[in-house]
Amino acid sequence: MNAPLMPLPPPGPADRLRRRLWRLVWALTCRFTPVPLLGWRRAVLRLFGARIGAGAWIYPSARIWAPWNLTLERDARIGPGAEVYNVAPVVIGAGAVVSQDACLCTASHDFDRPGFALTTAAITLGEGCWVAAGAFVGPGVSIGARAVALARAVVVRDLPPGVVAGGNPARILRMRGRARLVRGIAAE
Amino acid sequence: MNAPLMPLPPPGPADRLRRRLWRLVWALTCRFTPVPLLGWRRAVLRLFGARIGAGAWIYPSARIWAPWNLTLERDARIGPGAEVYNVAPVVIGAGAVVSQDACLCTASHDFDRPGFALTTAAITLGEGCWVAAGAFVGPGVSIGARAVALARAVVVRDLPPGVVAGGNPARILRMRGRARLVRGIAAE
Amino acid sequence: MNAPLMPLPPPGPADRLRRRLWRLVWALTCRFTPVPLLGWRRAVLRLFGARIGAGAWIYPSARIWAPWNLTLERDARIGPGAEVYNVAPVVIGAGAVVSQDACLCTASHDFDRPGFALTTAAITLGEGCWVAAGAFVGPGVSIGARAVALARAVVVRDLPPGVVAGGNPARILRMRGRARLVRGIAAE
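Chains as they are written, first to last, in my numbering: chain U, 1 to 188; chain A, 189 to 376; chain S, 377 to 564.
Heads up, some of the hints might be wrong.
[Claimed, not checked] Sample of chain U residues facing chain S (criterion: CB under 10 Å; computed from the structure): (1) T29; (2) R31; (3) W130.
[To be verified] Quick partial rundown of chain U residues pointing at chain S, CB under 10 Å, derived from the structure: (4) L17; (5) D101; (6) G128; (7) G134.
[Said to hold, decoys possible] Between beta-carbon pairs, the in silico distance windows are: (8) A:V213 with S:L423: 32 to 42 Å; (9) A:D298 with S:P385: 42 to 52 Å; (10) U:R171 with S:P412: 20 to 30 Å; (11) A:R204 with S:R427: 48 to 58 Å; (12) A:D298 with S:G431: 17 to 27 Å; (13) S:P383 with U:G55: 43 to 53 Å; (14) S:R439 with A:L209: 37 to 47 Å; (15) U:P9 with A:V223: 14 to 24 Å; (16) S:L397 with A:T217: 34 to 44 Å; (17) S:P536 with U:G49: 25 to 35 Å.
Derived by calculation from the structure, the hints in this document are not laboratory data.
None of these values were measured; they are calculated from a predicted model.
No residue lacks a Cβ here, since even glycine has one placed at the ideal position from N, Cα and C.
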């Protein structure tokens with residue numbers, strides 16, 4: 001059961017200013033830093049309200065929309081070109097990996113009602129899970145611990161712990177583990 | 189029935205020059221403007237031949253290949269990072285929304301015949317339809333009024349009015365409206 | 377049968393330095409060159425170990441991860457925004473076309489074993505094949521001569537020669553040739 005999509009009130013001037021300031025600071029102080037300067041980028045993100053555990057990696061070309069809506073547990077990683085569009089909170093569990101060009105998208109529109117209201121819902125990635133290159137995770141999705149979304153998977157429903165999912169829309173293909181020993185389920 | 193793909197003659201020197209000039213002007217005068225400077229970007233696009241209705245939004249990071257092949261009706265929106273590759277005409281209906289990183293691609297190659305000729309066909313988005321984040325609309329596709337292409341949908345055939353489609357390739361999932369009341373069709 | 381994924385030893389300091397130098401040289405001498413300056417970009421790539429045939433096209437906005445792992449046969453093309461993430465070798469056959477924003481990705485992780493080791497496998501594109509806009513080719517994949525991966529296709533298994541494949545995951549839709557004459561197989 002995905003988290004429900006909630007309408008989002010339009011941003012006030014303070015919120016707009018905060019986001020503009022954030023974008024400017026990241027562009028000037030982090031965007032073009034060398035990859036190993038991890039501690040510096042963690043510090044800048046924390047200054048803007050992100051909760052970031054020890055050993056977490058954020059690549060300089062990753063794009064965080066709102067650091068005050070980001071929780072990155074220890075040793076989690078956000079890869080090059082990955083986008084965290086966290087209008088609602090995004091929690092990335094310990095040791096989880098979001099690979100290059102993946103996108104975590106917390107916003108949508110209520111297209112079934114007049115008004116086309118902006119709606120949002122939080123995304124949660126469990127401990128040790130992997131969102132592979134170019135995958136997309138939609139609003140309200142929880143990915144269970146150690147689950148895998150394969151490259152370019154489009155995940156719009158919750159994934160239980162330990163599964164391997166792929167495709168658009170993503171389907172569960174097998175359990176993570178020793179691929180050859182799983183009977184009756186096609187290896188991806 | 190998609191619009192047929194037609195061979196495109198190779199561009200002449202005047203056409204190449206026009207496109208180079210357009211790219212340069214956009215890069216220098218629009219690409220780094222603040223989002224609310226909508227009227228300015230509309231004016232620059234119109235100067236290059238785009239037909240743009242009142243209230244239309246074009247984000248500074250959107251990429252328009254050829255403004256002389258663009259019709260954007262009133263209140264239509266082209267979001268951040270969206271790409272309009274309009275080698276053939278693209279018409280975006282009133283109030284329609286093309287969200288971030290979506291791509292409207294009017295060109296292909298005739299790969300079934302020797303020569304691999306470049307081919308193109310127009311794209312038409314009906315009034316009030318929504319092409320969500322990262323979706324792709326192929327050459328010759330018409331999307332009916334109020335239809336929805338969900339995030340990352342790959343739409344290569346026409347969509348009738350009012351449907352909700354998703355996946356790669358995109359399939360029709362249900363009618364737009366009150367999702368809970370539609371029986372027998374899985375909600376997306 | 378895809379090529380097997382092999383564990384990759386972590387890069388040494390010489391390798392890191394070489395990659396940094398390559399990125400810098402491309403950014404300064406090629407990234408912003410005009411499209412027709414093909415010979416210059418070929419020369420720079422060859423200087424870093426790429427094997428490039430006569431008449432090959434590489435667009436200035438294409439991204440080559442490691443030129444020393446690139447073989448581009450005569451008249452092959454790598455389009456704008458395309459990414460060749462060639463941690464393992466990538467061979468692109470004569471006259472093959474990799475269109476805009478496509479991605480050839482030779483790396484993955486062994487997510488079924490503790491350690492989550494980086495793994496890689498070579499990618500081979502046969503003569504005259506076409507990887508269309510925004511398509512993704514995974515590690516170890518061989519695409520047969522003249523085969524087509526349609527726009528946004530996600531190809532994670534080998535494709536035999538002459539087929540047309542599309543979707544995520546990609547499925548074989550028909551044979552390349554005169555589309556109307558193929559019976560019993562839906563045209564894409």
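Hint check:
About 20 Å separates the beta-carbon of T29 of chain U from the nearest beta-carbon of chain S, more than 10 Å, and the hint is not met. With 10 Å as the threshold, the beta carbon of R31 of chain U stays out of range of chain S, its nearest partner Cβ sitting at about 14 Å, so the hint is violated. The interface hint given for W130 of chain U holds, since its Cβ lies 6 Å from the closest Cβ of chain S, which is under the 10 Å cut-off. With 10 Å as the threshold, the beta carbon of L17 of chain U stays out of range of chain S, its nearest partner Cβ sitting at about 33 Å, so the hint is violated.
Because the beta carbon of D101 of chain U sits about 8 Å from the nearest beta carbon in chain S, less than 10 Å, this interface hint is met. Hint status for G128 of chain U: holds, given a least beta-carbon distance of 9 Å to chain S, under 10 Å. The criterion of a C-beta within 10 Å of any C-beta in chain S is met by G134 of chain U, whose closest approach is roughly 6 Å, and the hint holds. Taking the beta carbon of each, V213 of chain A and L423 of chain S are about 35 Å apart, inside 32 to 42 Å as hinted.
A beta carbon spacing of about 45 Å between D298 of chain A and P385 of chain S agrees with the range 42 to 52 Å that was offered as a hint. Hint check: R171 of chain U to P412 of chain S, Cβ distance near 45 Å, so the stated range 20 to 30 Å is violated. For the pair R204 of chain A and R427 of chain S, the beta carbons lie near 31 Å from each other, so the given range of 48 to 58 Å is not met. Separation of D298 of chain A from G431 of chain S is about 21 Å and conforms to the stated range, judged on CB atoms against 17 to 27 Å.
About 22 Å separates the C-beta atoms of P383 of chain S and G55 of chain U, a value inconsistent with the hinted range of 43 to 53 Å. Judged by the Cβ atoms, the range 37 to 47 Å given for R439 of chain S and L209 of chain A is violated: they are separated by roughly 27 Å. At about 19 Å, the beta-carbon gap between P9 of chain U and V223 of chain A stays in the expected band of 14 to 24 Å. One distance hint, 34 to 44 Å for the beta-carbon pair L397 of chain S and T217 of chain A, holds here, with the actual separation near 35 Å.
At about 53 Å, the beta-carbon gap between P536 of chain S and G49 of chain U misses the expected band of 25 to 35 Å.
Hint violations for this structure: numbers 1, 2, 4, 10, 11, 13, 14, 17, all remaining hints satisfied.
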